[in-house]
Amino acid sequence: MKKSKFFLLLSLMLVLSTFLAACGGGGDNAGKDDNKKGADETAAQEIKMLEAQAIPNMDSVKSTDTISFTTLNNVNEGLYRLDGNQEVVEGMAEGEPEISEDGTVYTFKLRDAKWSNGEPVTAHDFVYAWQRAIDPETASEYGPYMMDGKIKGAAEITAAAAEKKEYDLNTLGVKAIDDKTLEVTLERPVPFFKSLMTFPTFYPQNQKFVEEQGENYGVNSDSILYNGPFVLADWDGSTDSEWSYVKNADYWDADTVKLEKVTWNVLKESQSAANAFETGEVDITSKLSSDVVPQYEGDPRLVKWLEPTIFWLKMNQKESDALKNVNIRKAIAQAINKEDFVNSVLNNGSIVANYAVPNEFVKNDETGEDFRAINGNELLPYNLDEAKKAWEAGLAELGTDSVELRYLTDDTETAKKSAEYVKNQLETNLPGMKINVESVPFSVRIDRQNKQDYDLQMHGWGPDYLDPMTFSDLWLTGGGNNKMDYSNKKYDQLIEEAQTTLAQKPVERYEALAEAERILLEEDAAIAPLYQRSSNLLVNEKVENFTYHLVGPEYSFKWTSVK
Amino acid sequence: MAKYLTQRIIYMVVTLFLIASFTFFLMKIIPGTPFSNADKLSDTQLSIMIDKYGLDDPVPVQYANYMMNLLKGDLGVSFQFNNVGVTDIIIKSLGPSATLGGLAILFGTFFGVILGVVAALKQNTWVDYTSTFIAVLGKSIPSFVFAGLLQYYIGVKLGWFPVAFWRGPEYMVLPTIALAMFPLATASRFVRTEMIEVMESDYITLAKAKGASWFEIAFKHALRNALIPVITVLGPLVVSLMTGSLVIEKIFGIPGIGEQFVKSIQVNDYPVIMGTTLLFAGLFVLVILIVDLLYGVIDPRIRLAGGKK
Numbered sequence: 001m002k003k004s005k006f007f008l009l010l011s012l013m014l015v016l017s018t019f020l021a022a023c024g025g026g027g028d029n030a031g032k033d034d035n036k037k038g039a040d041e042t043a044a045q046e047i048k049m050l051e052a053q054a055i056p057n058m059d060s061v062k063s064t065d066t067i068s069f070t071t072l073n074n075v076n077e078g079l080y081r082l083d084g085n086q087e088v089v090e091g092m093a094e095g096e097p098e099i100s101e102d103g104t105v106y107t108f109k110l111r112d113a114k115w116s117n118g119e120p121v122t123a124h125d126f127v128y129a130w131q132r133a134i135d136p137e138t139a140s141e142y143g144p145y146m147m148d149g150k151i152k153g154a155a156e157i158t159a160a161a162a163e164k165k166e167y168d169l170n171t172l173g174v175k176a177i178d179d180k181t182l183e184v185t186l187e188r189p190v191p192f193f194k195s196l197m198t199f200p201t202f203y204p205q206n207q208k209f210v211e212e213q214g215e216n217y218g219v220n221s222d223s224i225l226y227n228g229p230f231v232l233a234d235w236d237g238s239t240d241s242e243w244s245y246v247k248n249a250d251y252w253d254a255d256t257v258k259l260e261k262v263t264w265n266v267l268k269e270s271q272s273a274a275n276a277f278e279t280g281e282v283d284i285t286s287k288l289s290s291d292v293v294p295q296y297e298g299d300p301r302l303v304k305w306l307e308p309t310i311f312w313l314k315m316n317q318k319e320s321d322a323l324k325n326v327n328i329r330k331a332i333a334q335a336i337n338k339e340d341f342v343n344s345v346l347n348n349g350s351i352v353a354n355y356a357v358p359n360e361f362v363k364n365d366e367t368g369e370d371f372r373a374i375n376g377n378e379l380l381p382y383n384l385d386e387a388k389k390a391w392e393a394g395l396a397e398l399g400t401d402s403v404e405l406r407y408l409t410d411d412t413e414t415a416k417k418s419a420e421y422v423k424n425q426l427e428t429n430l431p432g433m434k435i436n437v438e439s440v441p442f443s444v445r446i447d448r449q450n451k452q453d454y455d456l457q458m459h460g461w462g463p464d465y466l467d468p469m470t471f472s473d474l475w476l477t478g479g480g481n482n483k484m485d486y487s488n489k490k491y492d493q494l495i496e497e498a499q500t501t502l503a504q505k506p507v508e509r510y511e512a513l514a515e516a517e518r519i520l521l522e523e524d525a526a527i528a529p530l531y532q533r534s535s536n537l538l539v540n541e542k543v544e545n546f547t548y549h550l551v552g553p554e555y556s557f558k559w560t561s562v563k
Numbered sequence: 001m002a003k004y005l006t007q008r009i010i011y012m013v014v015t016l017f018l019i020a021s022f023t024f025f026l027m028k029i030i031p032g033t034p035f036s037n038a039d040k041l042s043d044t045q046l047s048i049m050i051d052k053y054g055l056d057d058p059v060p061v062q063y064a065n066y067m068m069n070l071l072k073g074d075l076g077v078s079f080q081f082n083n084v085g086v087t088d089i090i091i092k093s094l095g096p097s098a099t100l101g102g103l104a105i106l107f108g109t110f111f112g113v114i115l116g117v118v119a120a121l122k123q124n125t126w127v128d129y130t131s132t133f134i135a136v137l138g139k140s141i142p143s144f145v146f147a148g149l150l151q152y153y154i155g156v157k158l159g160w161f162p163v164a165f166w167r168g169p170e171y172m173v174l175p176t177i178a179l180a181m182f183p184l185a186t187a188s189r190f191v192r193t194e195m196i197e198v199m200e201s202d203y204i205t206l207a208k209a210k211g212a213s214w215f216e217i218a219f220k221h222a223l224r225n226a227l228i229p230v231i232t233v234l235g236p237l238v239v240s241l242m243t244g245s246l247v248i249e250k251i252f253g254i255p256g257i258g259e260q261f262v263k264s265i266q267v268n269d270y271p272v273i274m275g276t277t278l279l280f281a282g283l284f285v286l287v288i289l290i291v292d293l294l295y296g297v298i299d300p301r302i303r304l305a306g307g308k309k
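Protein chains in written order, with full-length UniProt numbering: chain D, 1 to 563; chain E, 1 to 309.
A hint or two may mislead.
Taking lysine-lysine pairs in the DSBU-like style, the calculated list, with each CA pair at most 35 angstroms apart, reads [what the hints assert, rightly or not]: (1) E:Lys263 - D:Lys247; (2) D:Lys258 - D:Lys563; (3) D:Lys287 - E:Lys139; (4) E:Lys92 - D:Lys247; (5) D:Lys304 - E:Lys250; (6) E:Lys28 - D:Lys165; (7) D:Lys164 - E:Lys263; (8) E:Lys263 - D:Lys318; (9) D:Lys208 - E:Lys72; (10) E:Lys28 - D:Lys318; (11) D:Lys304 - D:Lys505; (12) D:Lys261 - E:Lys92; (13) D:Lys417 - E:Lys139; (14) D:Lys423 - D:Lys388; (15) E:Lys250 - D:Lys48; (16) D:Lys423 - D:Lys489; (17) D:Lys48 - E:Lys263; (18) E:Lys92 - D:Lys208; (19) D:Lys287 - E:Lys92; (20) D:Lys180 - D:Lys152; (21) D:Lys542 - E:Lys157; (22) E:Lys28 - D:Lys287; (23) E:Lys28 - D:Lys423.
These aren't lab readings, by the way, just hints derived from the structure by calculation.
With the hints as constraints, model all of the structure from the sequences given.
Laid out in structure tokens, this is it:
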């Protein structure tokens, strides 16, 4: 009977806490004080991190996700790496590459660096990894995606494999002149090639080790070689929810690295992450969802930055007569109150996007000016009068008084809420408009996009390298990612120029890309940009130089330390 | 008994085979590929991947291949993780889920039964009303609300137990309580109703007349019969708790199987979908068998096949 009394007590406590929760809030200060106490006691160079998911794939040529990329970025190193200002800094390459006059041949000098098994990192390791990445047998997703059209010979290998013809990996434009000299030949000048070299797909791999491990390569922390600031430890494979980075004493720049250890835990739920942060259990949370962010508004521990990811409505011109009409597209693009949308629906620091290349993303090499400075942030903004005018003109041209469109979107909470809002705006502001929302799982949405089986689609795009081109070449006629039958010769012409004749003239190149963006939005209203996403997470005040990135890997701990 | 068991096991295998086949074809109806980067790949690049993994073979051929491998005990390799076998994923993530589910069932039914018995014996007193109140709360409030409250008030405010992760016994306390509320409420309601009925039956009156002690009557004579409906609801509950504590696992950062199941469906990771479905189905039919066998143990009046002869 004693037990039941104890239980009664416990139950009463639970009941009580239900009511306490209702009166909620108010108690944040207690947690903060606890945190500060914790910081004084532990001056050890060790931080505790949260991630929303386990590491899916540590084989650098096969990884496709930010968590794997982030881990690789801290335990391995390519020719270059990105620093906290998103600048390209030295990695395995020593100094600047030698670039041929036409900008298509790069020669890199490698520094003396070691793998974690003591063997030197050589130019052959790069050749091996790159060939492995493009090899259709490897079935890498990012290999062909990152190399085709850039590295000489890559697209040909992919095409040959697709037609089941013979191909020769040695035709790929990467050669080891000697152990310390790597020569890369490009299809055409790639102005952002150096920043491309910071991407994990281009990291080196030790052939002997990879072949020895075979199927087991990269399945746990013992079956990988390291050449980065840290080595991966206690990682038992992709299902493991805890792992850590331990300082690599053999790293060429080990003097710069202050942290001894970074431990990681998987915690998906944002509110739980915030709770763990409050108890001092973790120093840096994973990215917070929008329901948690408002609780920390104004708190210095909330670190916020603009991600270069834009969400827009793709308007598929393949079958819909309405969407083939430019006035109808202009009406849709201008009829959505984006300000209200980001503030009331998203409410997580995302900003209105009246553009197709993100804000705070890339700067011109020569002038140091943000790309957005050329066109500003007012291409195709919310404008109800213009929208209504375009709508009536469009309906008259079509000879109808109503338009019915399917709206394809994901089945996540945010996607559903967004769909409700957009539907409501369009149906209210454009009389005669009917929107049918179709929420489907991610893989189904992508499949329907590939088959162009949609009218409107809520679609987001994040960059893979630091250049406007990662957004601009999406809308080329017949482009691999267009998938909405948009085509404009002027647009194609400008992109072509930016890739060829203007490739080595940064100022003119940016102007051409900006003009292309203006045509895409102002003239053609091909897509309806909605918002640019922001990242929010909590960082303990004792952490110094927390470093995040805008492309590929999300964080670097090379320069981070504890106060 | 042996004959009955063999027969049941044959039925189980047939059931599992049907479930596996049905799931396989249903799964293949879902459009899309298992490639996480499909949004960015060109058609040529995508076609190489699809060919490489044999995803363009006719579905019946893929089905035959899968079944052949399944017979050999090979569940295949995951798409979303690099070179990780499905068997490996299941073994590693089933442990925490089973532990958590097992603890919740254990605590939930133990306290639920006690609560139900006490409520029945003290019918229509404040004890009974309190027990009813707790049961209503436990049944009507979802476990993730309890989880959130426990995490915030006991974990953050009081600091008695860790708020998340899965590293040792103290980490199990909060998720177990959160998850135990439902079986606790269920068990206590069933036991109370049954106990009240049983306590009015003739053999209890006889026991009382014999002068048996209160404790003896309640726990030795009455409870045994009152437990039958509890066992019935407990079976499916065990399976759903061992495997379906997805929300609780998410909130407390427990590396369990629930997430693997849900995520594999979202990303079309075919081998993992099949593996987890088979696991859940297998556990389910197994538990049903165990429950049927338990009936006989608890109540000798229920005889399994052949009992009458």
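Going down the list of hints, with the structure as the test:
Between E:Lys263 and D:Lys247, the direct Cα distance comes to roughly 33 angstroms. Compliance with the 35 angstroms bound is thereby established for this hinted pair. Taking the CA atoms of D:Lys258 and D:Lys563, the gap is about 11 angstroms. The hint holds against a cut of 35 angstroms. Among the hinted pairs, D:Lys287 with E:Lys139 is consistent with the structure: their alpha-carbon atoms are about 33 angstroms apart, no more than 35 angstroms. This hinted pair checks out: E:Lys92 and D:Lys247 have alpha carbons roughly 28 angstroms apart, not beyond 35 angstroms.
With a C-alpha separation of about 24 angstroms, the suggested pair D:Lys304 and E:Lys250 falls inside the 35 angstroms cut-off, and the hint holds. Annotation: proposed proximity of E:Lys28 to D:Lys165 holds, straight-line Cα distance about 29 angstroms (limit 35 angstroms). Restraint check for D:Lys164 and E:Lys263: the C-alpha separation of about 33 angstroms stays at or below 35 angstroms, so the hint holds. Distance hint between E:Lys263 and D:Lys318 is fulfilled; the C-alpha atoms sit about 32 angstroms from each other, no more than 35 angstroms.
Proposed proximity of D:Lys208 and E:Lys72 is supported: the alpha carbons are some 33 angstroms apart, at most 35 angstroms. This hinted pair checks out: E:Lys28 and D:Lys318 have alpha carbons roughly 27 angstroms apart, not beyond 35 angstroms. A distance of roughly 34 angstroms separates the Cα atoms of D:Lys304 and D:Lys505; the hinted pair therefore holds under the 35 angstroms criterion. This hinted pair checks out: D:Lys261 and E:Lys92 have alpha carbons roughly 26 angstroms apart, not beyond 35 angstroms.
About 29 angstroms separates the Cα atoms of D:Lys417 and E:Lys139, which keeps this hinted pair within 35 angstroms; it holds. For the given pair, D:Lys423 sits about 16 angstroms from D:Lys388 by alpha-carbon distance, which is consistent with the 35 angstroms threshold. Note on E:Lys250 and D:Lys48: the hinted pairing holds, with a Cα-Cα distance of about 19 angstroms set against a maximum of 35 angstroms. A C-alpha spacing of about 32 angstroms is found between D:Lys423 and D:Lys489, which places the hinted pair at or below 35 angstroms, so the restraint holds.
Distance restraint check for D:Lys48 and E:Lys263: the Cα-Cα separation of roughly 26 angstroms lies within the 35 angstroms cut-off, and the hinted pair is therefore satisfied. At roughly 30 angstroms between alpha-carbon atoms, E:Lys92 and D:Lys208 fall within 35 angstroms of each other, so this suggested pair holds. Straight-line distance between C-alpha atoms of D:Lys287 and E:Lys92 comes to about 26 angstroms, which keeps the hinted pair within the 35 angstroms bound. Proximity of D:Lys180 to D:Lys152 is assessed by CA-CA distance (about 21 angstroms); at most 35 angstroms being required, the pair is judged to hold.
Annotation: proposed proximity of D:Lys542 to E:Lys157 holds, straight-line Cα distance about 22 angstroms (limit 35 angstroms). The hinted pair formed by E:Lys28 and D:Lys287 meets the criterion: a straight-line CA distance of about 34 angstroms does not exceed 35 angstroms. At roughly 32 angstroms between alpha-carbon atoms, E:Lys28 and D:Lys423 fall within 35 angstroms of each other, so this suggested pair holds.
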